[in-house]
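Peer 1: Listed here are the chains, written in short residue letters.
There are 2 protein chains.
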Amino acid sequence: MYKLLAKDGRAKRGEFHTVHGTIQTPVFMNVGTTAAIKGAVSTQDLQEMKTQVELSNTYHLHVRPGDEVIKKLGGLHKFMVWDKPILTDSGGFQVFSLAGLRKIKEEGVYFNSHVDGRKIFMGPEESMRIQSNLASTIAMAFDECPPHPAERSYMQDSVDRTTRWLIRCREELNRLNTLEDTINKNQMLFGINQGGTYRDIRIEHAKRISELDLNGYALGGLAVGESHAEMYYIIEETMPYLPLEKPTYLMGVGTPENILESVERGVDFFDCVYPARNGRHGHAYTNHGKMNLLNAKYELDSAPIEEGCGCPVCRHYSRAYIRHLLKAKEMLGLRLMVTHNLYFYNNMMEEIRGAIEEQRYAEYKKNKLNGFAQGEE
Amino acid sequence: MYKLLAKDGRAKRGEFHTVHGTIQTPVFMNVGTTAAIKGAVSTQDLQEMKTQVELSNTYHLHVRPGDEVIKKLGGLHKFMVWDKPILTDSGGFQVFSLAGLRKIKEEGVYFNSHVDGRKIFMGPEESMRIQSNLASTIAMAFDECPPHPAERSYMQDSVDRTTRWLIRCREELNRLNTLEDTINKNQMLFGINQGGTYRDIRIEHAKRISELDLNGYALGGLAVGESHAEMYYIIEETMPYLPLEKPTYLMGVGTPENILESVERGVDFFDCVYPARNGRHGHAYTNHGKMNLLNAKYELDSAPIEEGCGCPVCRHYSRAYIRHLLKAKEMLGLRLMVTHNLYFYNNMMEEIRGAIEEQRYAEYKKNKLNGFAQGEE
Chain L
1 MYKLLAKDGR
11 AKRGEFHTVH
21 GTIQTPVFMN
31 VGTTAAIKGA
41 VSTQDLQEMK
51 TQVELSNTYH
61 LHVRPGDEVI
71 KKLGGLHKFM
81 VWDKPILTDS
91 GGFQVFSLAG
101 LRKIKEEGVY
111 FNSHVDGRKI
121 FMGPEESMRI
131 QSNLASTIAM
141 AFDECPPHPA
151 ERSYMQDSVD
161 RTTRWLIRCR
171 EELNRLNTLE
181 DTINKNQMLF
191 GINQGGTYRD
201 IRIEHAKRIS
211 ELDLNGYALG
221 GLAVGESHAE
231 MYYIIEETMP
241 YLPLEKPTYL
251 MGVGTPENIL
261 ESVERGVDFF
271 DCVYPARNGR
281 HGHAYTNHGK
291 MNLLNAKYEL
301 DSAPIEEGCG
311 CPVCRHYSRA
321 YIRHLLKAKE
331 MLGLRLMVTH
341 NLYFYNNMME
351 EIRGAIEEQR
361 YAEYKKNKLN
371 GFAQGEE
Chain G
1 MYKLLAKDGR
11 AKRGEFHTVH
21 GTIQTPVFMN
31 VGTTAAIKGA
41 VSTQDLQEMK
51 TQVELSNTYH
61 LHVRPGDEVI
71 KKLGGLHKFM
81 VWDKPILTDS
91 GGFQVFSLAG
101 LRKIKEEGVY
111 FNSHVDGRKI
121 FMGPEESMRI
131 QSNLASTIAM
141 AFDECPPHPA
151 ERSYMQDSVD
161 RTTRWLIRCR
171 EELNRLNTLE
181 DTINKNQMLF
191 GINQGGTYRD
201 IRIEHAKRIS
211 ELDLNGYALG
221 GLAVGESHAE
231 MYYIIEETMP
241 YLPLEKPTYL
251 MGVGTPENIL
261 ESVERGVDFF
271 DCVYPARNGR
281 HGHAYTNHGK
291 MNLLNAKYEL
301 DSAPIEEGCG
311 CPVCRHYSRA
321 YIRHLLKAKE
331 MLGLRLMVTH
341 NLYFYNNMME
351 EIRGAIEEQR
361 YAEYKKNKLN
371 GFAQGEE
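Chains as they are written, first to last, in UniProt numbering: chain L, 1 to 377; chain G, 1 to 377.
Check the hints yourself; a few may be wrong.
Put simply, identical chains are the same to the list, so a pair is met inside one copy or across any two.
[Stated by the list, open to error] For lysine-lysine, the following PhoX-like pairs were computed, each having C-alpha atoms within a straight-line distance of at most 25 Å:
hint: 1; residue 1: K50; residue 2: K368
hint: 2; residue 1: K105; residue 2: K297
hint: 3; residue 1: K290; residue 2: K103
hint: 4; residue 1: K103; residue 2: K366
hint: 5; residue 1: K103; residue 2: K50
hint: 6; residue 1: K366; residue 2: K290
hint: 7; residue 1: K78; residue 2: K327
hint: 8; residue 1: K3; residue 2: K207
hint: 9; residue 1: K105; residue 2: K7
hint: 10; residue 1: K72; residue 2: K103
hint: 11; residue 1: K78; residue 2: K105
hint: 12; residue 1: K71; residue 2: K327
hint: 13; residue 1: K84; residue 2: K72
Think of the hints as simulated: they come from the structure by calculation, not from any bench.
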């Protein structure tokens with residue numbers, strides 16, 4: 001399903017074929033936690049924002065409106081009106097970060113809903129059933145996200161359990177994909193490599209899960225408090241032990257700088273809430289660094305956020321207007337910011353793909369980082 | 001500038017020519033208080049929502065970002081990227097409803113800003129200067145909006161002062177329209193008829209302001225607490241004393257029913273916050289009455305808000321999806337609701353125009369009201 005089109009150093013340029021169309025990698029997935037992009041961006045809008053993949057959160061959709069509801073409505077694609085690929089996470093990360101009191105057992109995790117406090121159990125089989133109901137293109141394996149920092153012995157036990165869970169996930173998804181009333185019988189599974197910043201645990205785990213011949217492999221449990229240098233080191237050391245002929249996904253990362261560094265180390269897929277969250281706080285990404293649109297110096301500035309930007313916002317609206325909307329707390333201000341930022345990320349990925357194809361990635365990355373360093377902030 | 005194309009009973013079908021294009025009447029103006037439609041609807045979106053005229057609020061824009069700022073940026077049209085007609089209110093209504101302590105004097109009104117409490121003075125000349133800075137297509141005269149109910153003697157004094165203010169408005173706007181740095185030298189002025197529910201004061205006032213040969217005439221101070229029957233009575237009694245060859249505008253009204261009744265009495269222009277405000281509260285307008293999208297019965301409903309509706313929302317999204325967005329407090333839910341509701345109003349006005357042209361307005365109105373009465377709520 002994955003075709004490696006070009007390499008430039010360790011940077012990969014690939015094509016990932018799915019039942020919902022082909023994903024050109026490296027790719028940034030646009031986060032729509034509850035089946036909606038934050039900032040009032042619609043799936044119709046995504047069409048003109050170079051979005052290739054939408055990412056939704058299994059835990060949130062399980063709690064509300066419920067994956068059974070979405071299944072009855074024909075699955076996530078039909079529900080949110082998006083016919084391109086969708087990746088769903090496993091729910092694991094939210095269970096470990098959002099939910100109330102929880103107990104981790106061999107069978108799975110017992111926890112309380114963050115919405116109404118009701119008790120929920122989720123294990124590998126439950127996560128697969130929920131994701132099968134959602135009928136996403138790519139399901140993520142249910143794993144434990146260990147705390148950072150974690151003792152070596154805790155980490156080793158956790159990673160071992162994550163491996164056992166992964167095998168159960170694969171088995172359950174294979175079964176679900178053969179059921180008659182399954183909406184997407186070609187749902188794919190990505191496994192998740194864990195191990196924190198323990199190089200040897202990461203590598204050992206990468207080797208073990210690579211043997212399972214999954215559709216793709218993610219690095220989880222990074223960008224959780226370790227330094228950027230540690231993160232890059234772990235990516236660099238672990239990546240050679242994941243199959244080159246499968247896509248790799250660095251979960252929840254990150255800044256444009258993080259992405260540029262990680263692409264260089266062979267990552268295909270990314271996702272992060274930064275472009276939407278920072279947009280809502282008035283921060284716009286540009287090729288000359290981040291801009292704070294709330295800054296008084298933009299009060300009379302009739303230029304777009306970034307000259308030459310082809311996004312639907314920069315083609316029409318000025319810094320002064322967006323600043324006014326943000327100051328007046330008009331929702332439209334948030335929408336315009338999020339739109340620009342997601343486009344910026346998606347467009348950067350397109351540039352990255354071009355640079356790898358043309359074997360000029362190192363130079364591209366250097367110029368891009370120099371631009372960011374001019375930082376308007 | 002106004003051309004009466006057809007009459008059906010007292011219902012008027014007109015065309016109002018402005019420097020920003022022709023307005024087909026009857027028309028519903030879409031309210032964008034702070035130079036933005038509530039609910040994250042952009043001026044680009046308005047293009048596919050049959051919007052003819054955008055209405056912005058002078059008081060709000062004077063306070064933030066400031067009319068001088070907007071003038072320096074080339075006026076409201078350029079600021080919010082909308083090249084069709086814009087009507088600005090006079091600021092009077094907000095001064096009388098939003099602002100803190102105020103004193104009404106012959107020269108104008110002293111009051112405190114609702115944003116930062118600073119003292120502001122606004123009289124006829126100030127209102128005209130602000131609206132000239134905003135460079136709207138149509139400026140509204142600065143008037144007093146008397147409280148309801150008001151003593152007869154208070155009302156008479158207030159209306160007399162409003163007439164004196166109107167004359168000062170006309171004089172000042174004429175002067176401003178000749179200044180070299182005025183952005184819209186063809187800015188038009190609508191006078192406002194007042195008098196509460198006192199029939200004779202209304203009529204006397206209508207006669208006096210009609211002599212001033214303004215570009216249009218509004219009925220103000222209605223829908224402020226009187227019954228619908230009283231409102232319709234006042235419209236019916238007053239309208240014959242306003243010039244037939246000028247457009248009439250019923251300010252701040254109202255429900256689809258109110259509009260149908262008022263068109264029948266000769267009204268050309270309407271504006272109201274209902275479609276946007278009700279949309280944000282989950283209420284959708286349809287030809288079968290209002291629907292509450294939060295209602296549990298829509299949880300699994302894959303139909304659009306209204307079958308056959310041509311709005312950008314009904315062409316794509318389901319009741320179930322919109323209900324989910326509203327429940328999850330996703331901004332996108334508000335945007336989809338507001339979009340549908342504004343389209344519903346704009347589309348109804350188009351139907352109204354067709355019905356008047358074809359001399360079947362009474363029948364159209366009857367059928368429409370019957371449909372609303374099926375009310376899903």
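Peer 1: Against this structure, judge whether each hint is valid.
Peer 2: Results of checking the hints against the structure:
Taking identical chains as interchangeable, the C-alpha atoms of K50 and K368 lie at most 25 Å apart only when both belong to the same chain, with a minimum of 19 Å there against 43 Å between chains. Taking the shortest alpha-carbon separations for K105 and K297, neither the intra-copy value of 55 Å nor the inter-copy value of 38 Å comes in at or below 25 Å. Taking identical chains as interchangeable, the C-alpha atoms of K290 and K103 are never at most 25 Å apart, the minima being 41 Å within one chain and 47 Å between chains. In this assembly of identical chains, K103 and K366 lie within 25 Å of each other by CA distance neither inside one copy nor across copies; the values are 46 Å within and 64 Å between.
For the homomeric pair K103 and K50, neither the shortest alpha-carbon distance inside one copy (41 Å) nor that between copies (55 Å) is at most 25 Å. Only within a single protomer do K366 and K290 lie at most 25 Å apart by alpha-carbon distance; the minimum there is 17 Å, versus 57 Å between protomers. For the identical chains of this complex, K78 and K327 are inter-copy neighbours only, at 19 Å across copies versus 36 Å inside a copy, given an alpha-carbon limit of 25 Å. Taking the shortest alpha-carbon separations for K3 and K207, only the intra-copy value of 21 Å comes in at or below 25 Å, while the best inter-copy value is 80 Å.
For a Cα distance limit of 25 Å, the shortest separation of K105 from K7 qualifies neither inside one copy, at 42 Å, nor across copies, at 77 Å. Taking identical chains as interchangeable, the C-alpha atoms of K72 and K103 are never at most 25 Å apart, the minima being 31 Å within one chain and 61 Å between chains. Within a single copy, K78 and K105 get their C-alpha atoms no closer than 35 Å, and across copies no closer than 61 Å, so neither meets the 25 Å cut-off. Taking identical chains as interchangeable, the C-alpha atoms of K71 and K327 lie at most 25 Å apart only when they sit on different chains, with a minimum of 18 Å there against 41 Å within one chain.
Only within a single protomer do K84 and K72 lie at most 25 Å apart by alpha-carbon distance; the minimum there is 20 Å, versus 44 Å between protomers.
In this structure, the hints that do not hold are numbers 2, 3, 4, 5, 9, 10, 11, in rising order.
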